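The listed protein sequences correspond, in order, to chains A and B. Numbers in this note's numbering are just positions in the first sequence, counted from 1, shifted up by 1127. Numbers in this note's numbering are just positions in the second sequence, counted from 1, shifted up by 47.
No lab work stands behind these hints: they were computed from the structure. Given the structure is predicted, the values throughout are model-derived calculations rather than measurements. Among these hints, one or two may not hold up.
[To be verified] Lysine-lysine pairs mimicking DSS-like chemistry, simulated, CA-CA at most 30 Å apart:
| id | chain 1 | residue 1 | chain 2 | residue 2 |
| --- | --- | --- | --- | --- |
| 1 | A | K1243 | B | K131 |
| 2 | B | K97 | A | K1243 |
| 3 | A | K1243 | B | K299 |
| 4 | B | K312 | B | K299 |
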Amino acid sequence: MSITVSTSVNGDAVEFVCPPEETLLDALRNRLGLTGAKEGCGTGDCGACSVTLNGRLVCSCLVLAAEAEGQEIGTIEGLAQGDKLHPLQQAFIDHAALQCGVCTPGILVAADALLKQNPEPSDEEVRFWLAGNLCRCTGYDKIVRAVQAAAAEMRRA
Amino acid sequence: MRYEKPQTVAEAARLLSAEKGLSRILAGGTDVLVQMKSGLIEPDLIVDIKALPGLRSIVAEAGGFRVGAAVAGAQLAEDRDLKKAWPGVVEAANLIGSTQVQGRCTMAGNLCNASPAADSVPALVAAGATVRIAGPGAARDVAVETIPAGPGKTTLKKGEFVTSIFLPARPARSADAYLRFIPRSEMDIAVAAAAVNLTLDAEGRVTAARVALGAVAPTVLLVEAAAAALIGSKLEEAALEKLSAACSAAAKPIDDKRGSVAYRKDVVGVLAKRAARIAYTRAGGKQ
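So that you can see chain A by itself, here it is in the shape it has in the complex (with noise of 0.2 Å):
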């Protein structure tokens, strides 16, 4: 049994077809080509597959991509606009809040879904957010700093 399945990801509207227990991890990974979202754990412990739907921060790997049938995703494609980067993108690196980089484009999609509910996070506030996101390089505080600089950046805009 193949699905096919109408959706829009980063407000493009696409089409894919595909078996009924695929992810939509492995749907935007291997048949739409957007190879940000990352599988660390494939069991929604590690967030480096971080998406949204419909608005809501969720992890790819935890939706079947059937699911995704007249629904809105957004993925860390859409974070910049076109050349220009998104300001927690530049933050992260101006703070060198990664190394690897696996955990990147989760923990980026996740901050920008905590920033656009709450511009003005305490430390508190981010690390308790991203606590679904796991980073076993930084040690958090950078990506605690860039987020925090990114939401500054962004209230002055």
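Given the structure of chain A, go ahead and fit chain B onto it with the hints provided.
Relative to the frame of chain A, chain B by itself:
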């Protein structure tokens, strides 16, 4: 595996009843997809219930709230009226998993996954919530605590599924609270948990109470002796000690890497005391 997204409850019940192999309900998927990934289950049929009418909304009903079975944790947190009336239920549901998991996980799923450590379930039991079950026959309403039958097992029959959870109307000066113990501050499974739901009179005396415990038995426990310890009290130390002792006595936990029997029995009493204090303060009582 087949994936179906029925538009009516009757169609969903028909699909589930007709399936000869293994079927699973998909709402938030935060348990089902993990079980599929780990090879624990290989369903023949997945029935996505998110298109069924009313399953994604929280609706005022008879002074209470009907919460659709596919309402996500994040959605509960955004409902001010629900949070005001049932702060303990909402805080319990919001403890499940990460922000990402909150974007999908549901209380109905938490209940039907039937983990003894499910966070929202003790709070729902203390709240006196009922669940509406659809299936091949007529819809029926049952108390939340009748659903879990043991770890990973429910009393739901073939073809049956939960369509909503109902949280009843609140008398004045009522509140609830939920506390769990985990060895870290986020993203963990309860070692022991307690939910307390109280109603006070104008003098701050407890007139009604329900106390439920999680992670200390194969299923959630509704502890009547613990509630009785609070009723008639103003949460004096003696009443809290009786509450704590009743909870420790009722607990029948397992020994595992997350906690020993003795530890869990002790901690669950302490949690019940603390949850009772929080519920009491929220209900307007002064200690």
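Here is what the structure says about each hint:
1. At most 30 Å may separate the alpha-carbon atoms for a hinted pair to count; A:K1243 and B:K131 meet this at roughly 24 Å.
2. Restraint check for B:K97 and A:K1243: satisfied, since their Cα atoms lie roughly 25 Å apart, inside the 30 Å limit.
3. The straight-line distance between the Cα atoms of A:K1243 and B:K299 is roughly 45 Å, outside the 30 Å bound, and the hint therefore fails.
4. About 8 Å separates the Cα atoms of B:K312 and B:K299, which keeps this hinted pair within 30 Å; it holds.
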